[in-house]
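Asks: Sequence:
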Amino acid sequence: CVESKTQYYEQPSVDVEQNSSLDIKVYPNPASTIVTLELSSDMVKTQFKLLDARGRVVRKGKVNNKTTINIENLSSGMYIMEVVGEEIRARKKFLVNE
12 CVESKTQYYE
22 QPSVDVEQNS
32 SLDIKVYPNP
42 ASTIVTLELS
52 SDMVKTQFKL
62 LDARGRVVRK
72 GKVNNKTTIN
82 IENLSSGMYI
92 MEVVGEEIRA
102 RKKFLVNE
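Be aware that the sequence shown starts at 12, since it is given in the working numbering, and climbs by one per residue.
Hints in this document: simulated from the structure, not taken from any laboratory. In this text, all values refer to a predicted model and were calculated from it rather than measured experimentally. Where is the CB? At the ideal position from N, CA and C, for every residue including glycine. Hints are not guaranteed to be accurate.
Claimed, not checked - Lysine-lysine pairs mimicking BS3-like chemistry, simulated, CA-CA at most 30 Å apart:
1) Lys36 <-> Lys77
2) Lys56 <-> Lys104
3) Lys71 <-> Lys104
4) Lys103 <-> Lys56
5) Lys104 <-> Lys77
6) Lys56 <-> Lys36
7) Lys71 <-> Lys103
8) Lys73 <-> Lys60
9) Lys73 <-> Lys103
10) Lys60 <-> Lys36
Unchecked claim - Cβ-Cβ distance ranges computed for the label pairs, FRET-style:
11) Arg65 <-> Glu109: 25 to 33 Å
12) Asn75 <-> Lys104: 30 to 38 Å
13) Val55 <-> Asn108: 13 to 21 Å
14) Glu98 <-> Glu49: 27 to 35 Å
15) Asn40 <-> Gly72: 26 to 34 Å
16) Glu97 <-> Ser43: 19 to 27 Å
17) Glu109 <-> Lys56: 29 to 37 Å
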């Protein structure tokens with residue numbers, strides 16, 4: 012009789028999730044110097060976090076219903092724009108080209 016054990020490890024994820032009550036637009040996509048973040052409604056106390064493909068925060072700040080973000084010094088690749096407010100969270104993927 013052979014006995015085997017299976018071990019499972021949980022890896023952090025950067026899956027893109029979308030809260031249905033908030034629609035966000037990130038453009039242009041792909042972008043090279045600036046990106047515009049636009050919210051479907053005016054949210055109070057809302058912040059953005061710009062995450063790289065590994066989930067590290069590379070930029071963050073306050074956001075209005077339309078905010079321009081400088082991405083000039085970012086390396087090319089996939090990024091995730093995360094918008095967080097009171098009881099709300101939305102994410103959108105976009106590409107940066109140098």
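Asks: In ascending order, which of the hints set out earlier in this document are inconsistent with the structure?
Replies: 11, 12, 13, 14, 15 and 16
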